[in-house]
Each structure stands twice: as C-alpha cells, then as structure tokens.
Amino acid sequence: MCPVLGHLDGRFESADAEAEHRIAVLYQEFGGPLLRHVRKSTGNDLQWAEDVVQETLVRAWRNSARLQWEPGLLWAWLLTVARRIVIDGRRRRSVRPHEVEPPEVDMMAVPDGSERALSAIVVADALRSLSDEHREVIEQTYLRDRTISEAAEILGIPPGTVKSRLYYGIRALRELLRDKGVAG
Amino acid sequence: MHDGVAAYVLGVLDEEEHEAFERHLEVCEQCQAELVELSGVPEKLDELKQAPSASEDDPPMSMSR
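Protein chains in written order, with this note's numbering: chain A, 1 to 184; chain B, 1 to 65.
The reader is advised that the hints may include incorrect statements.
Residues on chain B that point at chain A, a partial pick, calculated with CB under 10 Å [to be verified]: (1) His2; (2) Tyr8; (3) Leu10; (4) His18; (5) Ala33; (6) Val36; (7) Leu38; (8) Asp46.
Below, a list of computed lysine-lysine pairs in the DSS-like style, where the Cα atoms sit at most 25 Å apart [said to hold, decoys possible]: (9) A:Lys180 with B:Lys49; (10) A:Lys180 with B:Lys44; (11) A:Lys40 with B:Lys44; (12) A:Lys40 with B:Lys49; (13) A:Lys40 with A:Lys180.
If you're looking for bench data, these hints aren't it; they were derived computationally from the structure. Glycine included, every Cβ here is placed at the ideal spot set by N, Cα and C.
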C-alpha cells in the first residue's frame, strides 16, 4: 500500500469527499516535484506545465491500483505519464509541420557558459560514444518526437528492431551517464 | 515485451502498444524495476532538445501572400 494514501480508508463520509482528498494528497506529495520536472520539457511554459501536472495526477487518481505501488515506482510512472502528455501536446501544437529540425549531435556541444550547457555537452558526448545503430534510434525517436513506427518507416527497419535497439541504446546511455556522474 | 520498457519510458510507443505495455507493467516486476532505473534518462536527453543550436537562426518561413 502506498504510504501516501494508505491511511485514508474509512475516514470519509462520501466517496466524493474521499476522492477530493486523495487528489489533494497527490498534489501535496507529487505536485511540486512534478511541476519542476515538467517545466523543463515545456520550455518553461508554466501554464502548460500546470495543465500537464493536473492531467497526470488525475490519471493517477483514476488508477487506484498504481497508487499502491511503492513511491519510487509510482514516481517513475508519474514522470512517464507526464512526458507522454507533454509529447502529445507538442504534437498537437505543431500540426503544421515545423520547419526547424532538431539539431544534430555535432551542433549541440556549443558551450554558453551555463551549467545546463555543460551538462548537455556530457550527454551529447555520451550519445556520440554509442554505436551508430543505438544513437540513430534515440535521435530518430525521442529527440525528434517521433513514435517507434514513424522512426521505423524513416529508417527502413522493422518497428520491433527500433524498439529493441532503443532498449539497448538507452541502457548503454544510462551506464555511460552514470559513469560520468550525471544520471541517478 | 520486456524491451518495450525503454520506448515506454521515453513515451514513443504508439497508443495501442503504450496501453499494452501498461498492462504488462502491472504484472512484470522486472519491467517495474527497469522503469525506475531508466526514468532519469529522458530528462538528460531533454537537455539536448533545449540546447542552443544554429537551426534557431534559420530564416523565417516565406512571407509571400
């Protein structure tokens, strides 16, 4: 039972009151940290980020089974849900195809003196150290907001291959980043 | 099925597969553990998405019409 919500049973007169309280508890526990994470991927668009957090927590609240998960897993799941909502939103916002392609790895390592840029350099370096196959699927999916099947079509390989390469590529990237001390 | 966890964490599975993987996640402790392990990777990649790049200097789209 999730420690955050486990103590609520039987304390409320109506289901509505309990639901309301559960949402409030979710906000209290995860709202702040989630907002900080989401803002990074909404380009600091606060209103959008707040909407994403709200939708994420409502989905969590509807998923009572997942609220029983231990906090680390619940947090990882919430991040995933929020990311998906951001990506969907970004896709909707760019119905008219954007002219600007995301930068290639080589163009990314331009320091501007900020800590963030330094960290971006470390990540770009790690990405460059991957095999071509692994780097390619990461670039063609996540970095360009494309799904597995869209990337598969562009790369001319089966979706299952993209998925599997992405798995090994992301695992390898995580190892590299952990060695460099930038991934938890 | 297990190798879908990376695509799931990144949010790049197609809708049907995303939902199928969520059902799988309910019952697969291995994937639950990997979800936790990999959950920090996307935000690292986000730093690349937002890094300043030459492409921002591209000329604006045609103003004709």
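Tested hints:
no., hint, result
1, His2, "8 Å, holds"
2, Tyr8, "7 Å, holds"
3, Leu10, "4 Å, holds"
4, His18, "7 Å, holds"
5, Ala33, "8 Å, holds"
6, Val36, "5 Å, holds"
7, Leu38, "6 Å, holds"
8, Asp46, "5 Å, holds"
9, A:Lys180 with B:Lys49, "20 Å, holds"
10, A:Lys180 with B:Lys44, "12 Å, holds"
11, A:Lys40 with B:Lys44, "10 Å, holds"
12, A:Lys40 with B:Lys49, "10 Å, holds"
13, A:Lys40 with A:Lys180, "22 Å, holds"
Checked against the numbered hints above, the structure breaks none of them.
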